[in-house]
Amino acid sequence: MRVRFTYARGDAVCYISHLDIMRTFERAFRRARVPVATTAGYNPRVRLVFALPMQTGVVGTEEVGEVTLAETVGLGPFMDSVNGALPEGMRLTACREADRDIKLMSAVWAADYAIEIRPPGLPLAEAVAGFMAGEGPVRVMKRGKAGDAPTDVRPFVIAARSDPSTGTVEARLRAGTVNLKPTLFVEALQAHAGLEGAGLSGLAVRRVVRGAIWGEAPRTGSAGAVIGDAFQTPPLVRLFGMD
Amino acid sequence: MTHDFQTMGGIERPARYTGGEWGSVTKDKAGVDVRFAFCFPDTYEIGMSNLGMRILYHLINGRGDAWCERVFAPWHDMEGLMRASGTPLAALESGDPVRSFDLVGFTAQYEMGYTNMLNMLDLAGIPLYAKDRGEGDPLVLGGGPCVCNPEPIADFLDFILIGEGEEAVHEIIDLYAGWKRSGRPGGREGFLRGLCGVGGVYVPRFYDVAYDGDGTVAGVWPNVPFAPERVVKRVVADLDAAFFPTSQVVPYVSAVHDRIALELFRGCAHGCRFCQACFIYRPVRERSVGTLIGQASRLIDQTGYEELSLVSLSTGDYCALGGLVEGLSRLASRSGVSIAFPSLRIDSHTSGMMGKSDAVRRGGLTLAPEAGSQRLRDVISKGVTEADMMKSADIAFGSGYGSIKLYFMLGLPTEADEDVEAIADLAAKVLRRHAEADPAAKAKGADLTVSTSFFVPKPFTPFQWVPQIGVGEMARRRRLLKDSIKSRRIAYKWHDERVSVVEAALARGDRRLSAVLAKALSLGCKFDAWSDSFDYAKWERAFGECGLEMGFFAARERGGNEVLPWDHIDMGVGKGYLAGELRKAMEGIPSGGCMGGCRGCGAQRLAGCLYAGEPSAGRPADGPEGGWAGA
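For the record, the sequence lines run as chains A and B. Numbered by the numbering used here, the letters in the first sequence go through residues 1 to 243 in order. Numbered by the numbering used here, the letters in the second sequence go through residues 1001 to 1631 in order.
Don't take each hint at face value.
As the list claims (entries may be wrong) - Residues from chain B that face chain A, not an exhaustive set, calculated with beta carbons under 10 Å:
hint	residue
1	M1008
2	I1011
3	Y1017
4	G1019
5	W1022
6	G1023
7	K1027
8	D1028
9	V1250
10	S1254
11	T1303
12	G1316
13	G1336
14	V1337
15	C1598
Said to hold, decoys possible - What follows is a set of in silico ranges between Cβ atoms, one per label pair, in the way DEER data are often shown:
hint	chain 1	residue 1	chain 2	residue 2	range
16	A	Y42	B	A1241	34 to 42 Å
17	B	G1398	A	T68	32 to 40 Å
18	A	Y42	B	D1388	28 to 36 Å
19	A	T68	B	K1482	45 to 53 Å
20	B	A1320	A	P35	27 to 35 Å
21	B	A1435	A	R45	29 to 37 Å
22	A	G144	B	D1425	37 to 45 Å
23	A	P35	B	D1028	31 to 39 Å
24	A	P35	B	G1190	40 to 48 Å
Said to hold, decoys possible - Stretch by stretch, here's where chain B covers chain A in the computed footprint (C-beta under 8 Å, at least three residues):
hint	stretch
25	10-18
26	164-170
27	205-211
None of these hints come from the bench; they were simulated from the model. This structure is a prediction, so every number in the text was calculated from the model and none was measured. Glycine included, C-beta positions come from ideal geometry on N, C-alpha and C.
So here's chain B without its partners, still in its complex pose (with noise of 0.2 Å):
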């Protein structure tokens, strides 16, 4: 399809399909022996925010033997023209057609962003299922945190990383260079073959899933001698030492997060038992300052960006943040940067900090107290009281924060509705400090939004064997809390119930979900996560037609003793150790998080982890076997 005048005036934003941004990395294709497609199945705009990808892509590209390209989802508008064209998807920097790269690797950040993966590979013009995929067509990857639990999208992919890139992915496409190299000897399936000595690496192929009569799966077992019978997740052990790139793609188009990103550190010492994102990155590891203020200084210079952001699961928590601060504030005034700090539990040593700071800029400040009630906050883990928010309150109005938002999650295990009612109390008592704080504010109409979306169980946590609640139970609560909150200068925004219901299915699912999937897209789903997008109604009816029901994988509790579909994958954090998690929860009792102690999470038997030491007292070190008994 030619970018010409007419055709790309009708297409909003449309710099996201022409490239060329500072940064981008052209080569000279014939010189190279690997061509990478590095596919975010989300916008541009979504995906040139992602950290992951662009550490994999400068990665990638500092090989001189490589060439990795980047890959979106076009809008539907660019999507429709694609067709009407018969034009294939293609990667940005060449303009090649995806088909003719030698491996496409996606990245799944979220469950919702599975239909787009595989329309993506449809306007790609390669077969959806690995199994019908032919010698002349790419080798087809996943990777990212949504593959800690692989099975609902394992049909589709030849291979999947398991954990962390910097190191697999150098092992990956030596491989795959050696194999093409030496006349690809044993075809598709003997580099995949190779590959199962490749830590992290899952090649669903290889194994066979087995179901019991009650639907739930009997076992997921390899088919063949050479796989591994558990995948263990590929972790970097010396994080300050790893790769991080010292370039940065600069966007035309605004990218969500279009600033430099320093990661700080990975995994979270905190343990909330709903967060899966903090245990499926342990063990914690961290980068030392000089590394970060030398990739800081780096970034400015290459970039041209007027804004840093520091990336971590709870930036608070990092060892060195005074030290960090105060180098990155001379950076940050010597270079008219501005610094951002996401994540921050305020407290008031971190408000000094702040205050310290004039490149700090003040906006809105968001805390996210989860849940409403303290009961609710303990069963959960959230080691926040309402002290403690209402001096953050404080502090943060008292120096200069104007807008204050609060985040909730509705539907938590446990939860009733005087949980529901106490979010609305706990906004209107944040309220009330502001109008103290700042006595010309009530003038200013609402100031202050409760944001709640629903729980969703996720595997490798102490909540994967919970149920959700019902989508109709979950409207219930949410015009509980409309109804509560009284006061008009506090706004309430919610996600749609409904979309939780399929992530929580799709995030729980075994592999009969490859289908649904395949049927989700035949029916016209793509873009899930964007609420215009987003059609409930297709989705029980791919549910339906592959004979299966949404509940039994989102509102099922699961057995103590059942095989969970990613029992195969090791994540570090042992499946024990959940179940111990899971029973203090139902009990109310708080985990205390890690830095009063090595809790034995399992996470620290992959890599040195900041807080590994003698597990604290009464707190056996747990392995990756064991179940929940409580059921």
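So that you can see chain A by itself, here it is in the shape it has in the complex (with noise of 0.2 Å):
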């Protein structure tokens, strides 16, 4: 049985890398006497993945994960052993039994995340609506297969808008396979901000939420589809949803 759950992970355990967190959910399903099915082998791991890796110090509200089960189990009761068992800070939000053989990893398409901003009072909405208003290439150093390059994180951005109030920018951003760090949107914001020189020197990033994660829809037309640029936004549904 495969259970696909979904987890928070509060400020208190943001800081958490992704292979600890991994140790701490196997360990957790071993307390709660959770009958997980682990790999074959000389060392045998908790058949577990997540969605989407997790950058250290950002706090998730809706992570997505599976497990593969041994035997089959209640869901509540699943629920409930594993809420028992997990350390304070990390709470599973819901579950529900994955039947289909979606490869989690591979089906995401985008996150949203909210990206809190200091000191407030920048111009943060104007740099935003800017950004988004814009059309030029914006470059930051980005991370890629042949090592850090200038690359235009544009077509890497779906949505943004920003509440001045609360000196907070959100955001829905490519996720999984391709890819955008918050942090380099937020780099993204201050070198398209300094193009049009409304400074936005001396921001820094106080707290990252990420919210749901995304998976694109599954196509309705016939097989041979053209899927065309892979930037262009398809449907989306939460890929905890997702069948």
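Dock chain to chain to rebuild the complex, using the hints, since each chain is given by itself in its own frame.
Written as structure tokens, this is what we have:
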């Protein structure tokens, strides 16, 4: 049985690295006596995947993962027992049976972020609006297959807006195999603002919260449909609900 | 300091500083009388591996009137941030500043952690010297194996617990809580005075040290009538009944020893003459199989750990090892936990057991012959022969161990060049056995590692009187060994000899070294156990500026009648016994260990010893007095 779940990780546990989170879940499953399936081999590992690795320091509200169980269990008892065994600050928020063989990680297309910026009072709203209205390339140093290279990040940004009262920028960014870290988006905002002369110097990221993770909705058309530009936004569905 | 994204982004492994792990204990601070900051003077990963800290953390937190929290040394990057923002050192659980606690306890696990201890006091905003602390400051205590010679850190600590904490820590907290409730009669001094009645507690300010003209210690005497002349190490008489936690904090960030730890016994019957742990943890006391299986079972359920490790100085000596392994294997296969056996002397008896247990993980194997030649192994009384080692290697290779690591010490007393070259010979022989056992191994490249450290003479060992060889001679012997190793399939790793020199000076130092430590801190010494941070030149300067020489403490032979700076501490094992062992060492006679009959080391005076009985013929039971007449 494969269980897909969403979990939240709060501010208290946001500095735990992705690998340490994996281990934390493995141990929580053991404490909860969940009958997890393990890989065969010398060092058996729990069959556990997360849709999207998380940058250290980022708070998550609906992180998506899947664990394969050796036996069929009730979803309610599963959630209760795992939540009883997770450290404070980490909590399963939903779970469902995932029957179909969706490759969770490759199904990810985008993720939502709320980025709190300090100091408050910067002309953020203008900067974000300016960025979204602009058309030219905005290059920042971005890690790619061939190392760091100046890369135009505009195609990675699906939507963005700013709430001037809270100093928060909300953005939907490409995620998964084509990915933009929220911190690079902030750098791009600075780079763009620099070009436009709307000073955003001295800007620092105070807190980053990742919200929903989105997958590409299954296409109903013929199997041979032209996918076209990898950056063109397809219809998106929440990854948790995707089958 | 706020833990915000941008500042923490530049910090290595930030989760070390945020706490909240499974099994950590949070209490309502208004509901407790005593707040205890348990400080480990090294990184989180090292400290979280320490068994003593685990035991005492849960022991104190088992009390309704006290809350124990953990404090570790922040790494250089975090310290930089803290100092830049004026943030004082805080405890992991509450985030409250350490200086607001009642009791601040440091565990001294190794000498090279002393500067970290001072740096943590400094970061906490607590005056370094005990004499400079006022009524509003916490009481700072020390404990752990290293305080068996408390003198080098005596000036910084208000009091020191010599020996085991399971009972004494309760007595200390009881006394503190009572003193606090009754309005702190007599102030700090009043509390410390009361502590003199607690067995194992040493209050340095109540003792004066006098020196002779040649710089040696003339004596350490109480300067108040209520302090005992000698402080006797505290031991738990019944280890099987002693507190052992049934829960463990499970860290997010991998600790060095990130697994369940079961403590089988304390002390060691072998009596290898260089080994301080062997002597200071005596008398030998065991936990029963039933107790250990019960503890293992509860810890497996509570932690969710995938591995369990047996902790002792020599696992193979555990009396009922067969029964224990059988019971643990059943538990392991039921819960999917694997068992690790460190400190195992491999022989035919233990190999059968390893073969039986599928839960035993086979990876690398470490053997510690300590010395290359039989002559030198007899000097140190390492009761292992070359034939034993070859048999161990055969058994290990035959039962699936892939790689092997041999651990030696250079610079042992009486070591000559032949002994150094014998290390290379022994390694070559083990390698040949491996090639015979596994013909395919040759293609795989280096699979045998020779690792050396330098001998550091330690208090409360038969070698406490002997000089350490000089730093230049150490380097020569290290190069001699490197040149003697011919096979490219043997990798050679060594420890920096200069660290061993400083360690030797601190280990056998007297109270004047407190000033050296404070000076070293002011010169920027910290994390001295970490090779990237260690700076020998600063240590030389620190000694020099205090008018002292490292060589006086590290490389000087102590006279047989010399008062040693730790003579007022009674660790159980007697000075006369140690002196006798040194004489035998110089004659090349091994001691034979306790299994062949009680040697009368003196530790049996403190509590029942597993091996106690009539002293074997010609070996009179020994008291604490006496010196080494052979000097």
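Each hint tested on the structure:
1. M1008: For M1008 of chain B, the interface hint holds, since the closest Cβ of chain A sits about 6 Å away, which is under 10 Å.
2. I1011: This hint holds: I1011 of chain B lies near chain A, its Cβ roughly 8 Å from the closest one there, short of 10 Å.
3. Y1017: Hint holds; Y1017 of chain B Cβ to chain A Cβ min 8 Å, cut 10 Å.
4. G1019: Status holds, d = 8 Å.
5. W1022: Status holds, d = 4 Å.
6. G1023: Constraint on G1023 of chain B satisfied, holds at 9 Å.
7. K1027: violated (14 Å)
8. D1028: The hint is violated - D1028 of chain B has no Cβ within 10 Å of chain A, the shortest such distance being about 15 Å.
9. V1250: With a closest approach of 6 Å, the V1250 of chain B hint holds.
10. S1254: At about 7 Å, which falls below the 10 Å cut-off, the nearest Cβ of chain A leaves the hint on S1254 of chain B intact, so it holds.
11. T1303: Where the cut-off is 10 Å and the nearest Cβ of chain A is about 7 Å from T1303 of chain B, the hint holds.
12. G1316: violated (25 Å)
13. G1336: Nearest chain A Cβ about 8 Å off; hint holds.
14. V1337: With a minimum Cβ separation of about 9 Å from chain A (threshold 10 Å), the hint on V1337 of chain B holds.
15. C1598: Violated: closest Cβ of chain A sits about 45 Å from C1598 of chain B, beyond 10 Å.
16. A:Y42 - B:A1241: 34 to 42 Å: 40 Å Cβ-Cβ, so the 34 to 42 Å window holds.
17. B:G1398 - A:T68: 32 to 40 Å: For G1398 of chain B and T68 of chain A the Cβ distance comes to about 37 Å; the hint holds.
18. A:Y42 - B:D1388: 28 to 36 Å: Because 30 Å falls inside the window, the suggested range holds.
19. A:T68 - B:K1482: 45 to 53 Å: holds (51 Å)
20. B:A1320 - A:P35: 27 to 35 Å: Hint holds: Cβ distance 33 Å, inside 27 to 35 Å.
21. B:A1435 - A:R45: 29 to 37 Å: Because 33 Å falls inside the window, the suggested range holds.
22. A:G144 - B:D1425: 37 to 45 Å: violated (53 Å)
23. A:P35 - B:D1028: 31 to 39 Å: holds (37 Å)
24. A:P35 - B:G1190: 40 to 48 Å: violated (59 Å)
25. 10-18: Three-residue rule met by the stretch 10-18 of chain A, so holds; n is 6.
26. 164-170: The restraint on the stretch 164-170 of chain A is violated, since only 0 of its residues have a Cβ under 8 Å from chain B and three are required.
27. 205-211: holds (count 4)
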